[in-house]
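Participant: What follows is the residue order along each chain.
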Amino acid sequence: MRVLVTGASGFLGRAVADRISSAGHEVRTFQRRSSGLPGIEDVHGSITTAADIPYAGLAYAVSGMDAVVHLAAKVSLTGDPAEFEAVNVGGTRTVLQASQDAGVSRFVYVSSPSVAHAGSSIAGSDALPASPEHARGDYARTKARAELLALAADASGFSVVAVRPHLVWGPGDTQLIDRIVDRARRGRLPLLGHGAALIDTTYIDNAASAIHAALDAAVSVHGQSYVITNGEPRPVAELLAGICGAAGVAAPGWRVPASAARVAGSVIETIWRRRPGGDQPPMTRFLAEQLSTAHWFDQRRTRADLNWTPAVSLDEGFERLAAHYRSAR
Amino acid sequence: MVGPRRLPVATSVPAALPPTGLSGLDAGWSRLIDVEENGTAGGVTHGWHLLDNGPQLDALGVIPVGTILCVHGNPTWSYLWRRLLSEARDAAQSGAPAWRVIAVDQLDMGFSARTGVFRPLARRVQDLGDLTDALELAGPVITFGHDWGGVVSLGWAVDHPELLTGIMLLNTAVHQSVSDKIPGPLRLALGRGILGPATVATPAFLATTLALAHPPLSTEVKRGYHAPYLTSDRRGGIGGFVADIPVALTHESRPELDRIAETVRSLAVPTLLLWGPRDPIFSDRYLDDLVERMPHAHVHRFEGAGHLIAEDADYAATALLWLGDAVADSESAASETATEGPTAAWQAVGTHPLWHYLDTLKDSDETALVDMQPAPRTVSWRLLSRRVRQIAAGLVHIGVGPGDRVSLLVPPSADLTAVLYACVRIGAIVVVADAGLGLAGLTRAVRGARPDFVIGAAPGLMAARALGWPGRKISVARFPAPMARLLGIEHTLAELIDLGQARLAAGDELPVEPVPADPAAVLFTSGSTGPAKGVVYTHGQLSAVSRALFLQYGVGVGTGLVAGFAPFALLGPALGARSVTPDMDVTAPKTLTATAVAAAVAAIDATVVFLSPAALVNVVATADALTPADHAALAGVQRFLSAGAPISESLLAEAAHLMPGATAHTPYGMTEGLLMADITLGGIRAAAESLSDTANPAGGVCVGGSTATTRIRISALDASGASVGDLSEEPDVTGEIVVSAPHVKDHYDRLWLTERASRRSAVAGERWHRTGDVGHLDSAGRLWVEGRMPHIIVTAAGVTTPVGPEQRIENLPDVFRAAFVGVGPLGTQQQVAVIETVPPARRVHRAAEPLAAAVRAAVGSPVAAVLVVSGLPTDIRHNSKIDRSRLSRWATGILAGGRWTKP
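If you're matching them up, the sequences are chains U and R in order. Okay, so the first sequence: first residue is 110 according to our numbering, each after it adds one. Okay, so the second sequence: first residue is 56 according to our numbering, each after it adds one.
No lab work stands behind these hints: they were computed from the structure. Mixed in with the good hints, there may be bad ones.
Unchecked claim - To give an idea of the chain U side of the interface with chain R (calculated C-beta under 8 Å), a few residues:
#, residue
1, Ser401
2, Thr402
3, Arg409
Unchecked claim - SDA-like cross-link-like pairs, simulated, lysine to any residue; straight-line CA separation at most 25 Å:
#, chain 1, residue 1, chain 2, residue 2
4, R, Lys957, U, Gly362
5, R, Lys936, R, Ala913
6, R, Lys957, U, Pro366
7, R, Lys957, U, Val365
8, R, Lys277, R, Val213
9, R, Lys645, R, Phe871
Unchecked claim - So the derived list for chain U, only partly shown, Cβ under 8 Å to chain R, looks like this:
#, residue
10, Glu341
11, Gly357
12, Ala359
13, Ala403
14, Gln408
Positions of the beta carbon are idealized from the N, C-alpha and C atoms, including for glycine.
Could you put the whole structure together from the sequences, leaning on the hints where they help?
Facilitator: Now the structure itself:
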């Protein structure tokens, strides 16, 4: 198969492109920066600009492709709502259109469990329909709308699957892992509540293999959404301790009541919005909820339909992360 | 006529269809029909509204197997039955037998016409007959009534025997004794100046009734009930119904009520009574009255449900289930009535009746009993036998008859033994509820068991008085007269003995002996898995328990038995053994000392000792106080038994050390089936050694092989954890443990649904009891218990049973006790370990990393979280059965990020 992966300069996108390429498929990538992967054709461009720039635009990137894995998105806890809208909704619409125009037959939309999340705890439920009305924050809201757009485009000869990996982490992750480790090192990482909320995560290799599996299964499971996790929920404090332990820094030793963190998160979020740019805020309401309520999922349908099981266990993941930090030292 | 004059003048309003959009109501069920009033001159017709799923069944092309005629009470309407209509429709759609359900709105009620005429009971019974005539209703018909609709439906039933094939009732009453007080709420509503305002002018009576639901009704459902009664001119019927309650003998409706109440005695059709005990109007005494009139009725009391049982419990599914059974049973004749005399009947079953040795040893001066409290007191067989006969004659004289229930609130003692055997000899049913249920559980149990008499010591009688337990009170001790009056004591045991002695001297004979099929006792489950359930044993089954004790442990004539475990202790005289109750506070078995056991052994040269695990803990702990003489006495013990709950090998070994000549046993059983399997200390050790080479990795507690007269089978689990497999002896297959023995219980008391679920029909004529335990048999035929069925964990990887992982966790040096539970939806649950540490934790917390890692390594399959608590919740009776269901709910909250509470 010839497969276009959008957003391959990101942590997950690069792993996905690598995985699909390693499986023997011909992979091309499309994003603003280089994917840095050897033996893969990078096309540089943006999904928010016109698609038809000769030899550079999306239309060129998708030409001749059998399948598209669309990861490119604005992933952030705060930011300009218009930008979320333009990248996540507008960009997805553009990629869908270009794919259909190019005669692509499989389309994997990489989404997020937050598209169906209203802020309460999730304990063992399967993927619910994306709901922009209930999703919290601009990121989740726009991803929800984009997922609905993608699934609406599902048609005979154009098989669309949505996959929602939950909290992807692993060596080289700058979004989640590095921030946790950095804050823990500076003593700025509190536990929210008692740290007992069960949270399921996805080790990077498992997320990549699941997306690959969705690509393979697209024709038989088109029109569906799947949450992807390791299937190993743990109390959030144990996860943070595992990550910190791998990085050789002290795990969080102080705690903030979850309710206080939510309020503080809202306040900080508001201030940050008026003072844009720079780093992410240290806490948002969304993040406070994510880290103080249960988030784990029923993986039976995902595993059966995609004929996939995660190959790397949580503990194996922590060991690989530790090896990564050791070699980086 | 008392009522109508006190009510506002009623006006006529025609029948109408209900508004659309009422919650749970299908507009397609509603129909209106004009019905001519029979027996009234001038061709008076009234419009009826009724719900009828007949057209839907026609549309489905199915032919109904019969019609359920539903009659609501006051102040509801046919809306009450909406779930029956929908479930009957769903059943028909799924291909199950189709029942036509017709639920009427009585005239002046619901959306039927307001007739402007007061309608007493006889008129209402006639009205319903007029309606079914107009509907040309053909049989078979099952009536189903609630509240005063129950009376009207029974009135219809007695008038239409040619159509009637069954009766179902929700909380109702057919009889109001003039001497009994009528229910308080109704008394209030009938008060002068109250009736009209309470029932008609305001919706107060309706609102009060709806507030009786447990849990409270949703706003939508309340709206549904209010819909036909929004204005006072529509509420005339509510007041009329209340006014029609025949409080006095002179009441207009009294003759009709009495006619119905007496005629139902002649109805032999299958009958189902579904009851909500939390009903301030129709309390359990009305259920007792109904059962007395229709003794063949099946009864299910929904614990926690009340007057609005139709809202509180799944009455509809239960009713349809019962109807399915009733149809199936109607082919098989249900006559098991023994016509033979007691002697022949006992010969046929091959066991002795419980009083056998009291007869054969009645002239023996050998010791039958020794009471260690307050001072050792020896009772010979001659005295015990005489005493039992005297008490029996005394009980008969004060009116205790066969089938009457006698609650025994007496600590184990010679008194208790004598009273117990006197009761069973005259065919009274003894109710044995122990303090191990806790006061609330005991109250629920005693009330539910509805004793006619209570025989108690001071604490029991005081509790009975304070908590309003029913039954005439008899005291084993004498009280000063004012105290006796205060406690409502009618007789003392000494009086009964004197009375009985006089009656026997005057030539009275004891009544004819009960036969094996007669009920003998109600025991109670420990309540570790929901409210304690009453378990009914027949005489034949109780005598089979003593037979099993004889076969298993050789307890028989001449054996000296230390009876420190209640159910077995009471059977000493039935076995011909001499028994002694050690000096202990039975409400706190932990108070039994090693010295007290030694003294009891010495008192009767005991060779067999029965103890409870909780008592055993303290016996071992107090062993240092034993004197050489005590040790010598204990050395004569040949067998000892720890019964009632699982026990660790180490505790059993320590106890065995105190009785070096004894074989240590621990039996497996439950209130429903005492003594199903048995294992010795040596057997436990052998099993532990063979654990490594067992083919079933689930582990569990080895409880040994089945006892002599018991058969044990396994019903394998499906992927969802349900025990659906055929009964099998195949080794190493995990499933529900199912047992059959002559000494398994007869049935659960007034829990038809529970009883049905506990039965496992395999071979016709055999009784198989689902234990609710999960486990497997090994290739040597030994049973391994892996936990309770409701505690099974079903992860995406399959079924996990809790005991194996708990044992592996408990092997860790830092762990005292562990519970292994699931959180999340069945089928995708996560496994969670909840542990008590050594030393105990002071507060709830997540296990530190090294302990969590050790637990995970010990379990071997994924464990989402390890939580440490200061104490695991256990049952009161044994302090050993962990309430894993409660722990699971607790852990679900904690692990969702909820409040950090104690379990």
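Participant: Could you tell me which of the numbered hints above are not met by this structure, giving the numbers in increasing order?
Facilitator: 8, 11 and 12
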